[in-house]
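Colleague: Residue strings, one per chain:
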Amino acid sequence: MAQALRGYLRSDGRKGIRNVVAVAYLVECAHHVARAIVTRSDDTDVHLIGFPGCYPNAYALKVMQAIGTHPNVGGVLLVSLGCESFNREQLRATIEASGRPVETLVIQESGGTASTIGKGLEAVGRLRAIAAQTPETPMDVSELVIGTICGGSDGTSGITANPAVGRAFDRLGAAGAACLFEETGELVGCEKIMADRAITPELGLELERSIQKAEAYYTVMGYGSFAPGNAEGGLTTQEEKSMGAYSKSGSAPIVGILKPGDQPPAGGLYLLDVVPDGEPRFGFPNISDNAEIVELIACGAHLTLFTTGRGSVVGSAISPVIKVCANPETYRKLADDMDIDAGRIMEGRGTLDEVGDEIHDLVLAVAGGERTVSEVLGHQEFILTYKAFDPIGPACLPLGRAN
Amino acid sequence: MSLILLHPDDNVLVLGAPVHAGQALIIDGQTVTTEADVGVGHKLARRALAVGDKVRKYGAPIGSITAPVAAGGHIHLHNMKSDYIASHTRQATGSEGR
Numbered sequence: 001m002a003q004a005l006r007g008y009l010r011s012d013g014r015k016g017i018r019n020v021v022a023v024a025y026l027v028e029c030a031h032h033v034a035r036a037i038v039t040r041s042d043d044t045d046v047h048l049i050g051f052p053g054c055y056p057n058a059y060a061l062k063v064m065q066a067i068g069t070h071p072n073v074g075g076v077l078l079v080s081l082g083c084e085s086f087n088r089e090q091l092r093a094t095i096e097a098s099g100r101p102v103e104t105l106v107i108q109e110s111g112g113t114a115s116t117i118g119k120g121l122e123a124v125g126r127l128r129a130i131a132a133q134t135p136e137t138p139m140d141v142s143e144l145v146i147g148t149i150c151g152g153s154d155g156t157s158g159i160t161a162n163p164a165v166g167r168a169f170d171r172l173g174a175a176g177a178a179c180l181f182e183e184t185g186e187l188v189g190c191e192k193i194m195a196d197r198a199i200t201p202e203l204g205l206e207l208e209r210s211i212q213k214a215e216a217y218y219t220v221m222g223y224g225s226f227a228p229g230n231a232e233g234g235l236t237t238q239e240e241k242s243m244g245a246y247s248k249s250g251s252a253p254i255v256g257i258l259k260p261g262d263q264p265p266a267g268g269l270y271l272l273d274v275v276p277d278g279e280p281r282f283g284f285p286n287i288s289d290n291a292e293i294v295e296l297i298a299c300g301a302h303l304t305l306f307t308t309g310r311g312s313v314v315g316s317a318i319s320p321v322i323k324v325c326a327n328p329e330t331y332r333k334l335a336d337d338m339d340i341d342a343g344r345i346m347e348g349r350g351t352l353d354e355v356g357d358e359i360h361d362l363v364l365a366v367a368g369g370e371r372t373v374s375e376v377l378g379h380q381e382f383i384l385t386y387k388a389f390d391p392i393g394p395a396c397l398p399l400g401r402a403n
Numbered sequence: 001m002s003l004i005l006l007h008p009d010d011n012v013l014v015l016g017a018p019v020h021a022g023q024a025l026i027i028d029g030q031t032v033t034t035e036a037d038v039g040v041g042h043k044l045a046r047r048a049l050a051v052g053d054k055v056r057k058y059g060a061p062i063g064s065i066t067a068p069v070a071a072g073g074h075i076h077l078h079n080m081k082s083d084y085i086a087s088h089t090r091q092a093t094g095s096e097g098r
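Protein sequence lines, in the order shown, are assigned to chains U and B.
Numbered per this note's numbering, the first sequence spans residues 1 to 403.
Numbered per this note's numbering, the second sequence spans residues 1 to 98.
Because the hints were derived from the structure by calculation, they are not lab data.
We put the beta carbon where it would ideally sit given N, CA and C, even for glycine.
Just to be clear, a hint being listed does not mean it is correct.
Claimed, not checked - Reference listing, derived: stretches of chain U covered by chain B, where coverage requires no fewer than 3 residues with Cβ under 8 Å from a Cβ of chain B:
hint, region
1, 183–197
2, 234–243
3, 282–293
So here's chain U without its partners, still in its complex pose (with noise of 0.2 Å):
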């Protein structure tokens, strides 16, 4: 298909879909004023990012510098309170090694809440007019990474939406485009039958033991990866979900393995390995949906399709999220917060190769600037919290590594 996309062509070479100015807040101390630069900004491209924490995390870190070199992002404003652990100069120095522009305001030093917003607006003004400059360059769906989640899963959501963009990620990763799913704590069940996709032997090793370190690590923590919501739309155990789950990476052979800021080396279909190596330290894997989107974000996400049956209404920062609803009962109460009624396909007035067809459509208008639903109602949804990983093994990408 023969469709024109545009891209944001940074400096380091990779190509965006959005012309994002990010505003990040180092520690909780400076949330506030970090979100009030982005409020009077009033800008659908000036996004609020941030790290809450105060002690220092190499995941946090490694995130944090992902998405302030991801190709969607044009310039960068980081906002510290002066006193946290946060290493807020080598984040600058990563994001200006990219060529991208980026400042520091120092909350402490720059005379508190009040001077530090009006310096902030200022510097989101120059930051933007360097952003505005970004040639804009032809785009090939070949270039594009996108990523997948379930959120508010239900019995409808593995027979509708779920395998509807599996058809999807099998039509867009065989034109060469870097597809991304993730969550292996709801792949549990499924650890045999994906390792048969993998493209080594090896790899297939790799994934297995994925799966098996996530169910150590939710029965650490007491549940699995199952809200009350699944149940009451009709889900009764973890591996009847993540069967469900699972079919959203369709049929195409595993690639590799990432974990959160790895980038895909070349196109394909990778599993994103969220779950925390070593003993369980910082609670529950992901603590809600958009910290895996945050996630495949850092891994290079222009955008992620996300799925639902019980109905979220969540976007992201950064890169837009298009929603796919499974259920069409659930579309009816929630038409306005879904860009995509997958449900319709229960009902007998679609079918998957349809509506993976419309979800492939999409996406690639989506690539070409359509703002999604999520966008247009201004979600910005974004968090970041402490996570320990070991770096993947070689096993783990048999196409080499990125850079």
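Knowing the structure of chain U, use the given hints to seat chain B on it.
Modeller: Frame of chain U; chain B shown alone:
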């Protein structure tokens, strides 16, 4: 499309539309009467299942039966459990894992 068979090996059917208690349904040529109101996306037994039987959906095992269920019976938390990690409801307190 009110009863969905996702895989020929499955022993459950998924409801494509709600059913009401006392409603007659035809499952594999047999007429059964539903015992309760059950919503979209929930599962009904395709045939009678005994304690310990594996529940199969998408052609894959998704848990085990914990109480006998007749053909057409609602299969959910009251008669089925995970073979991996226990499911929880809104009454959970958050202290189960400690």
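Colleague: Counting residues of the region 282–293 of chain U that have a beta-carbon nearer than 8 Å to any beta-carbon of chain B, does the count reach 3?
Modeller: violated (count 0)
Colleague: Are there three or more residues in the region 183–197 of chain U whose C-beta lies within less than 8 Å of some C-beta in chain B?
Modeller: Holds, because 4 residues of the region 183–197 of chain U bring their Cβ atoms closer than 8 Å to Cβ atoms of chain B.
Colleague: Count the residues of the region 234–243 of chain U with a beta-carbon closer than 8 Å to any beta-carbon of chain B: does the count reach three?
Modeller: holds (count 8)
In terms of the numbered hints stated before, the structure departs from hint 3 and from no other.
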